[in-house]
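Protein chains: 2
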Amino acid sequence: MALIVQKYGGTSVGNSSRIKNVASRVAQARKRGDQIVVVVSAMSGVTDNLIKLAKEIMPLPSEREMDVLLATGEQTTIALTAMALHAIDVPAVSLTGAQAGIVTDGVHTKAKIANISPKEVHKLLDAGNVVIVAGFQGQTSDGHITTLGRGGSDLTAIALAAALRADLCQIYTDVDGVYTADPRIVPAARKLSEISYDEMLELAGLGAKVMQSRSVEFAKKFGVTFEVRSSLNDNPGTIVKEETANMESVVIRGVSLDKNQAKVTLALVPDQPGIAARIFKAIGDSAINVDMIVQTASHGTSGATDISFTLDKADLLKARKVLDGIRADAGFKEVIAEENIGKLSIVGVGMRSHTGVAARLFEALATAGVNISMISTSEIKISVVIDLDKGEAAMKAVHAVFLG
Amino acid sequence: MALIVQKYGGTSVGNSSRIKNVASRVAQARKRGDQIVVVVSAMSGVTDNLIKLAKEIMPLPSEREMDVLLATGEQTTIALTAMALHAIDVPAVSLTGAQAGIVTDGVHTKAKIANISPKEVHKLLDAGNVVIVAGFQGQTSDGHITTLGRGGSDLTAIALAAALRADLCQIYTDVDGVYTADPRIVPAARKLSEISYDEMLELAGLGAKVMQSRSVEFAKKFGVTFEVRSSLNDNPGTIVKEETANMESVVIRGVSLDKNQAKVTLALVPDQPGIAARIFKAIGDSAINVDMIVQTASHGTSGATDISFTLDKADLLKARKVLDGIRADAGFKEVIAEENIGKLSIVGVGMRSHTGVAARLFEALATAGVNISMISTSEIKISVVIDLDKGEAAMKAVHAVFLG
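Top to bottom, those sequences are chains A and B.
The numbering of the first sequence is the working numbering, which starts it at 65 and goes up by one.
The numbering of the second sequence is the working numbering, which starts it at 65 and goes up by one.
Pulled out of the complex, with its shape left as it was, chain A reads as follows (with noise of 0.2 Å):
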């Protein structure tokens, strides 16, 4: 008998004949006689509902009372799926995040778990039940109710999985899985049978927007297995587990593409100790996430360089601010931004052993025409910023090369 965590996202619990459908896919899953938990999210819509209530009353409601309505979402959906399960005979009892024994610290709307107590959850699955934990919520030690932030369902079941010792965490969403591609950009995309923890951590900050990064982190900390499927079929989707051996015979497990990013370069920044650290610390400590960094070399006798970084489009605004307000003091010449780029990056362990990658990569782009402006690498990544208007061409072409 195995101990199979299941966990439901929003569309697939968006309507009552959907969480019929979960009820009846859960049952099935039963009838193979393992113990399963089942952690379901807010109906697709509802919270945005909430949001929308809260905003009327106020434009910047409490965080506090945000995770106490906004936790009432999952709490309508686990009274609804046990219902469902008792109207086609199977046993089973819902229980909040507090109830489940989930707790968290009081960093409202987008708390961490600090542990979990699985003592009441074990004692409804022992007695033959299963049992519906809402996704996404806990409480305090002090007891308030707090809410976990985006992708907090998924973090909820991989924590009860690590928590209850589970032998299977599945994550049930809309697609089938993780894939080479984006299937609607690549049509010769194919679905992946498994992926390690980092491949599927680059993947997850590189857009390809299947889980968040956070999951996969809490997964991979407590070596959580997990599959990530499709509610509406029965395929098997993509297991995500820790590295092994094997996996590194694969070169590159997959290429992503990022429309959503810009490109800022400072002209002429004077080449002395601490300017660069002065120019990010300014951007850092107005929120503004900066992903790629390059700085080139000083150019001949100007003692002056150039820096550029990729930041999100929303940002660049807010960017540009700050750094006309320090330019002066930064002695940097000039500001130019670019919003019509794509950063391209391809992703596999195997990179690790395999040689001569990225020559491949740029050899690929050279083919098909794609000019490099930008050029990133880590252990098992390499990013490209490139024009924006042949980013799909581009990934097609790199896709081939590596995965077809």
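Just so you know, the hints here were simulated from the structure itself, not pulled from any lab data.
Please note that a few of the clues may not be correct.
Chain copies aren't distinguished; within one or between two, either way the pair holds.
Said to hold, decoys possible - Taking lysine to any residue and the SDA-like style, the derived pairs with C-alpha atoms no more than 20 Å apart in a straight line are:
no.: 1; residue 1: Lys174; residue 2: Arg128
no.: 2; residue 1: Lys187; residue 2: Asp206
no.: 3; residue 1: Lys183; residue 2: Thr204
no.: 4; residue 1: Lys183; residue 2: Gly207
Given chain A, work out where chain B should sit, using these hints.
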């Protein structure tokens, strides 16, 4: 500094602008320097929508899960009400029933309050907050969410007022208070400035549906004085409290008319011990509530008697079936049902010390040409069954005689 518990019903918090209105009333009360606890219901319509959603899943959902589901209604309101107070710079913290320390028995959907540990409420009040508590809900001692059934939010308010030793408990509703008669029927009806628990209880049981009996009973048991008043204006309401000596100087507190009853007569019931018991046991076993019961003297030498009783019109069909089933066994001759009746009642603790009240009632009805077909009395109430068509005229006549 006084401690005041204010309860606002579903209509009073029916949308965001009404919630803002509640917040400004609360702020006003707080300006006087008092500590305020606010008990709120679900926004009107919300509970019905949740029930509808549950029925889509299953016709007869589990009562435990119904409680988990319905409790979200009040939880939504407490968060929004706290936000509305924040918006006008009043510090406020919301608490679910469980967080407010409301412990109930485990009878889901109609739980009884077992005890209240108001430590958290006191702590938050002492820190200068308005405390917003979700009405209608609590939790069992082992942590299951429960709801208190119809009128549950009133009960929460009164029980909290008792546990907190509040100086005042105000039940805000959409009527101005308790009237001498329904003003829609008797234009001369007056709002009462005060009424005793017992009178309120008799009226609650007689179709004057301002509050459920159980809340009044709870208030009586724990000596909680409360005021029923409108959330839409600043008129003083009706104080409901322990009977005082001077209350008896008023003969009659109010007149009510229950149009929702039917009358059943069993003709020629054998006048033997145990027959009536057998009949009403069969009725009671079918969960039919019988109100007035009248037995006439034996018919001369026949050794038989007639028994009449009243019951809810909705139960009439069920009652007929039960009675047809036992007729042969119980030996009565015939079942005669009348639906076209009304039950007119006068209520007042003054009846105890004033004689001739019944006679004055019968005279008033006779003068108005109204025939009486059943009479039933208690210490502080006289009820008569009359023709439904003459009900409203009878009410006006009786009101004029006793309260005009």
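Hint check results:
{"no.": "1", "hint": "Lys174 / Arg128", "in the structure": "within (11 Å within a copy, 30 Å between copies)"}
{"no.": "2", "hint": "Lys187 / Asp206", "in the structure": "between (23 Å within a copy, 13 Å between copies)"}
{"no.": "3", "hint": "Lys183 / Thr204", "in the structure": "both (17 Å within a copy, 17 Å between copies)"}
{"no.": "4", "hint": "Lys183 / Gly207", "in the structure": "both (17 Å within a copy, 13 Å between copies)"}
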